[in-house]
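Colleague: So you can see what is in the structure, the chains are spelled out below.
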Amino acid sequence: MAGIIGYGVYIPKFRIEQKDVAIPWGSWSPGEKSVCGADEDVVTMAAEAASNAMRHAAIDPEQIGAIYFGTASSPYIEQYVSPIIGEILGVRPETTRIDYLGSLNSLGNAVLGCLDAIAAKRIKYGLVLGGEDRATAPGTEGDANFGAGAVAMVIGTTGTIADIDGMDTYATLFMDRWRSTKDSWVSNQADYRFDREYGYQTHVAGACKGLLEKLGKKAQDYTYAVFAQPDERIPSLPAKELGIQKGQLAPGLASVVGDLGSCSAFISLANILDKAKPDETILFASYGSGASNAMSLTVRSQIERKRKNLTPLEKYINRKQNITYISYLRLKEHLKRGPY
Amino acid sequence: MKGKVAVIGVGMIKFGELFDKSLENMIQEAYLNCLKNVQKGIDPKEIKAAWFGQWSGGFIGQGAQGGQSLASMIGNLDLSCSRIENACPTGGDTFRNACLGVASGVFDVVLALGAEKMRDKPSAESLGGAGGGGGAETGNHPSWMMGQGGPAIQAMHATRQMHQLGYTMEDFARVAVKNHHNGSLCPYAHYQFDITVERVLNSPVICWPLHLFDCCPQTDGAAAAIVCRADLAKKYTDKPVYVWGSHTGLDHNQLWDRSSFVSQPSVVRAAKGAFEMAGIKPQDVDFAELHDCFTNTELMDIEDVGFARSGEAAKKLKDGEYDMHGKLPINPSGGLKAHGHPIAATGLGQIFEVVTQLREEADKRQVKLKNGIGLQQNVGGPAFGAAVVNILSRSR
Amino acid sequence: MTQPVPASPMFWRFNTEVHRLVGIKCQDCGHISYPRTKICHECGSQNLKEYKLPHKGTIHTFCVNWAPPPQFEPPILPVIVDLEGGGRYGGIMTECGSPDEIKIGIKVEMVFRRMLTDRGLNVYGYKFRLAEEG
Numbered sequence: 000m001a002g003i004i005g006y007g008v009y010i011p012k013f014r015i016e017q018k019d020v021a022i023p024w025g026s027w028s029p030g031e032k033s034v035c036g037a038d039e040d041v042v043t044m045a046a047e048a049a050s051n052a053m054r055h056a057a058i059d060p061e062q063i064g065a066i067y068f069g070t071a072s073s074p075y076i077e078q079y080v081s082p083i084i085g086e087i088l089g090v091r092p093e094t095t096r097i098d099y100l101g102s103l104n105s106l107g108n109a110v111l112g113c114l115d116a117i118a119a120k121r122i123k124y125g126l127v128l129g130g131e132d133r134a135t136a137p138g139t140e141g142d143a144n145f146g147a148g149a150v151a152m153v154i155g156t157t158g159t160i161a162d163i164d165g166m167d168t169y170a171t172l173f174m175d176r177w178r179s180t181k182d183s184w185v186s187n188q189a190d191y192r193f194d195r196e197y198g199y200q201t202h203v204a205g206a207c208k209g210l211l212e213k214l215g216k217k218a219q220d221y222t223y224a225v226f227a228q229p230d231e232r233i234p235s236l237p238a239k240e241l242g243i244q245k246g247q248l249a250p251g252l253a254s255v256v257g258d259l260g261s262c263s264a265f266i267s268l269a270n271i272l273d274k275a276k277p278d279e280t281i282l283f284a285s286y287g288s289g290a291s292n293a294m295s296l297t298v299r300s301q302i303e304r305k306r307k308n309l310t311p312l313e314k315y316i317n318r319k320q321n322i323t324y325i326s327y328l329r330l331k332e333h334l335k336r337g338p339y
Numbered sequence: 000m001k002g003k004v005a006v007i008g009v010g011m012i013k014f015g016e017l018f019d020k021s022l023e024n025m026i027q028e029a030y031l032n033c034l035k036n037v038q039k040g041i042d043p044k045e046i047k048a049a050w051f052g053q054w055s056g057g058f059i060g061q062g063a064q065g066g067q068s069l070a071s072m073i074g075n076l077d078l079s080c081s082r083i084e085n086a087c088p089t090g091g092d093t094f095r096n097a098c099l100g101v102a103s104g105v106f107d108v109v110l111a112l113g114a115e116k117m118r119d120k121p122s123a124e125s126l127g128g129a130g131g132g133g134g135a136e137t138g139n140h141p142s143w144m145m146g147q148g149g150p151a152i153q154a155m156h157a158t159r160q161m162h163q164l165g166y167t168m169e170d171f172a173r174v175a176v177k178n179h180h181n182g183s184l185c186p187y188a189h190y191q192f193d194i195t196v197e198r199v200l201n202s203p204v205i206c207w208p209l210h211l212f213d214c215c216p217q218t219d220g221a222a223a224a225i226v227c228r229a230d231l232a233k234k235y236t237d238k239p240v241y242v243w244g245s246h247t248g249l250d251h252n253q254l255w256d257r258s259s260f261v262s263q264p265s266v267v268r269a270a271k272g273a274f275e276m277a278g279i280k281p282q283d284v285d286f287a288e289l290h291d292c293f294t295n296t297e298l299m300d301i302e303d304v305g306f307a308r309s310g311e312a313a314k315k316l317k318d319g320e321y322d323m324h325g326k327l328p329i330n331p332s333g334g335l336k337a338h339g340h341p342i343a344a345t346g347l348g349q350i351f352e353v354v355t356q357l358r359e360e361a362d363k364r365q366v367k368l369k370n371g372i373g374l375q376q377n378v379g380g381p382a383f384g385a386a387v388v389n390i391l392s393r394s395r
Numbered sequence: 000m001t002q003p004v005p006a007s008p009m010f011w012r013f014n015t016e017v018h019r020l021v022g023i024k025c026q027d028c029g030h031i032s033y034p035r036t037k038i039c040h041e042c043g044s045q046n047l048k049e050y051k052l053p054h055k056g057t058i059h060t061f062c063v064n065w066a067p068p069p070q071f072e073p074p075i076l077p078v079i080v081d082l083e084g085g086g087r088y089g090g091i092m093t094e095c096g097s098p099d100e101i102k103i104g105i106k107v108e109m110v111f112r113r114m115l116t117d118r119g120l121n122v123y124g125y126k127f128r129l130a131e132e133g
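Chains as they are written, first to last, in numbering that gives the first Met the number 0: chain A, 0 to 339; chain B, 0 to 395; chain C, 0 to 133.
Read the hints as simulated data drawn from the structure, not as lab findings.
Remember, predicted model here, so these are calculated numbers, not experimental data.
Mixed in with the good hints there might be a few duds.
Now the stretches of chain C that chain A is said to cover, found in silico as 3 or more residues with beta-carbon under 8 Å [to be verified]:
hint : segment
1    : 10 to 23
2    : 67 to 76
3    : 85 to 96
Using N, Cα and C, we set each Cβ at its ideal position, and we do this for glycine too.
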C-alpha cells in the first residue's frame with residue numbers, strides 16, 4: 000500500500016494583517032497571511048519544502064522515480080518547473096518530471112498521478128510537491144486573502160508514516176476561479192454563496208462520500224477531517240453534510256497564513272501529521288475548479304520514529320516579520336518604480 | 000630589466016569628468032603632451048611599437064577599442080601595437096609590456112598609452128559595470144556576482160580590517176584627507192580641494208563601512224610614456240628615468256578562493272618580483288604612488304608592498320609618515336581618490352607622477368628625494384587578483 | 000533579437016554547480032574550489048575530488064551595499080561565509096530586516112532563491128539567511 004514516507008512544508012517569513020490590505024479599499028478580512036519576499040516564488044518555496052521532505056523521508060534523490068509539481072501560480076505558462084527541483088536534488092534523467100498546472104486542485108491531481116504510477120509499478124518512490132503565490136489585483140478579495148506557501152511529500156510503499164488506504168475523485172464543470180492568458184491576476188469570487196455551496200461543498204462532500212462508500216467506512220469514525228481551506232469556516236459545510244463533528248476538523252490556517260490555493264489541504268494535512276499518533280485516521284479532500292480528490296489515511300508507527308527529522312509547520316508559522324501595506328504593494332508588484 | 004630601459008617622456012591630460020572630450024581626443028592630447036615632454040625632441044616616426052591600455056570596451060559605453068585603434072588615432076600607421084587589459088592594473092601593466100618590448104632588444108623606442116572614457120554613462124552605471132553583480136556578460140553565473148563590484152569587495156576587506164586589525168573608519172578617512180590635500184596641489188588632479196575627516200564620515204554611505212568620500216571617482220583621462228633603450232636615453236633627455244623593476248602579480252579570480260581579506264596576495268607577489276628585479280628593499284624607496292581606489296585599499300597596499308607590517312599602516316599614517324613631507328610620501332599626486340581613476344590611464348598617470356618627481360619637476364608637490372627611487376603600484380580585478388609594481392630610479 | 004542569458008549554453012553548463020553547489024577538493028593541498036574545475040586553483044594539482052559545498056556556515060566578512068547595480072533594490076548585504084566542514088562561498092543575505100543583524104561570526108544557512116529575471120526567464124541560485132537556533 001502506498002503512503003507518505005516523509006513530508007516538509009515552507010511558509011515565507013513575511014506576514015501582513017489581512018485587514019491592512021482590505022481596509023484601504025473599503026473592505027475587511029480577518030487574521031494574517033504570508034507574503035513572498037522579493038526573491039521568492041513557488042519554485043524557491045517548494046525547494047525548501049522538498050529539502051525538508053527528503054530529510055524527513057531519509058531517501059536518496061537517485062531513488063526518486065518521478066517528480067510531480069502541482070501549482071496554480073507557476074511563473075511560466077510554458078516551461079515546467081519540476082526540472083528545476085530535479086536539478087536541485089540531483090535525480091536521474093530517467094526520473095519523470097511533470098507539472099500539474101492551472102487549477103487549485105493541481106496538487107491533489109499531482110498526488111493522484113503519483114499514486115497511479117506507483118500502482119502501475121512504474122515507479123517506487125515519487126516526490127509530490129507544490130507551492131502557491133497567486134497573482135492578485137489590488138483592492139480585490141483575493142488580494143486580501145491569498146497567502147503563500149509550499150509543501151512536499153515523498154510517496155512510496157516502504158517506511159510510510161501514513162498509508163493512503165484509498166483515493167477517490169469527484170468532478171463536474173464548475174467555474175469558480177480562473178485566470179485567462181489575458182489576465183495578470185486570478186479572478187475574484189462574484190458569488191461566494193453559490194461558489195461555496197455548489198462548488199466547494201458539493202465536490203468535497205461528493206468525493207468523500209464516494210470514497211467512504213468504496214471503503215465501507217463512516218466519516219464519524221475518522222480521527223481528523225482535513226479539507227482545503229480557502230477560508231476557515233467553509234470546511235464546516237461539507238463536514239455538516241458528512242456528519243463530521245467540529246472536534247474532528249483540522250485547525251484553521253486561512254487566517255494565519257491565508258488561502259494557500261492548491262497547497263492548502265496539504266499544508267493542513269502536514270499540520271495534523273506533525274502531531275498525529277499511530278493508528279489515527281484522516282479523511283482528506285482537496286478542492287479546486289469543480290474537482291475534489293478525497294483520500295483516506297492511516298497513521299503508522301514510523302511517524303514517531305521519524306519525528307526527530309521533521310521541521311514542523313509551527314516552526315515556520317512562528318518565524319514571522321510583519322510588513323506594512325506599502326511594502327506589500329511593492330512585493331506584489333502592484334507598485335513599481337518608474338524605469339527612467 | 001634593470002639597466003636596460005629608460006623613460007624619456009611622459010604626458011597626460013588633466014583627469015576629470017571630460018564630457019566635451021572623446022576617447023580619441025583624449026588619447027591624442029595625452030600623446031602630443033608626451034611627445035612635447037621629450038626634452039630634446041623626438042620624431043614620432045621613431046616610435047616603432049606601442050602598447051595600448053584600455054580596461055573596458057562594452058561595459059561602460061565607450062565602445063570596444065582594440066589594439067589597432069592607436070595607430071590611426073596618432074597618425075602612425077607603421078606602428079606595431081597590442082591592447083593590454085589587466086583590470087585596474089591595466090595602466091601599470093601596459094607600461095610593463097612596453098618596457099619588456101625594449102628590454103627584449105626587439106625595439107629601441109616604444110610608446111605606452113592608456114585611456115578610459117568612463118563618464119559617457121552616469122556614475123552609477125559605470126560603477127555597476129566595473130564588476131557589479133548580475134551581469135552574465137562576464138561569463139559568470141549571476142548568483143556568484145550578486146551585488147558585488149569594486150566598492151563592495153573593498154568594503155568587505157575594510158570590514159575585516161576593522162575586525163582583525165582594529166582599524167577604524169577614521170583611519171580610512173585620513174587617507175582621503177591626505178590625498179585630497181596632495182591633489183589640491185596637482186594641476187592634473189580630478190579633485191583639487193581639501194577635505195576633513197568629518198566630511199568623509201558625514202558623506203553618504205556607499206558600501207558600509209565605506210562612505211562616498213572613501214571611494215575614488217569615476218573619471219575620464221589618458222596618460223602616456225615613451226620608453227627607450229637605456230643606452231640611447233641621453234640622446235633624448237638629460238633627465239632620463241630608469242626602470243629597475245617591473246612585475247605583475249596575480250591571485251585568485253573568485254573571492255572565496257582568497258586566503259585573506261586584510262592582505263592582497265597579488266600585490267605581495269607583484270612587489271616581491273619587482274623588488275627582486277631591482278635588487279632593493281622597500282626601505283630604499285623614497286616615495287610611492289599606490290592604488291587607493293578606496294581609502295582602506297591604500298592601507299593594505301602599504302602593508303602588502305612591504306612599507307609596513309600588517310596592522311601598522313594606520314598608525315604610521317596618523318603620525319604623518321606618509322604625508323607629502325613625511326618619511327615616505329604616499330600618493331603625492333593625490334592618489335586615485337583625488338587625482339582620479341580612469342582605469343587604464345591610472346597606472347600611466349602614476350608613472351607620469353613618479354617620473355616628474357624623480358626629475359624634481361613636481362613644483363608645489365615635490366617630495367624630498369634620498370635615493371632617487373620611486374615606486375608605482377596598482378591592484379584590481381574581480382577578486383583583486385591582479386597587481387602591478389614598477390620601480391623607477393634616476394640612476395641607471 | 001537576442002537570447003535571454005538563462006537560455007544560453009553557459010547557464011546550462013553551470014546547472015550542476017548552481018543547483019547542487021558542486022565544487023572540488025584538492026587531495027594534495029586541501030583547497031576547495033567552487034565551481035568545479037579541472038586544476039586546483041591554489042596548487043595546480045589534478046588530484047581532485049568532487050565536493051558539495053555545505054549549506055551552513057558563519058560570516059567571515061560582509062559589507063552593506065547601498066549602491067548596487069540599477070536592477071537591485073538597496074541595501075544589498077554581500078557576505079563571504081566560512082562553510083561548516085570546509086570551503087568558503089560568497090553571496091548575499093536575504094530576509095534581513097536591517098543591516099544591524101549582520102556581524103562577523105554569526106551563523107547563516109543557504110536558501111534557494113530567485114536571483115533575477117531576464118526577458119521572462121528566471122535565474123535561481125543560493126543566498127544566505129540567518130540560521131535559526133536549534
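Colleague: Decide, hint by hint, whether the structure agrees.
Modeller: Verification of the hints:
| no. | hint | result |
| --- | --- | --- |
| 1 | 10 to 23 | holds (count 4) |
| 2 | 67 to 76 | violated (count 1) |
| 3 | 85 to 96 | holds (count 3) |
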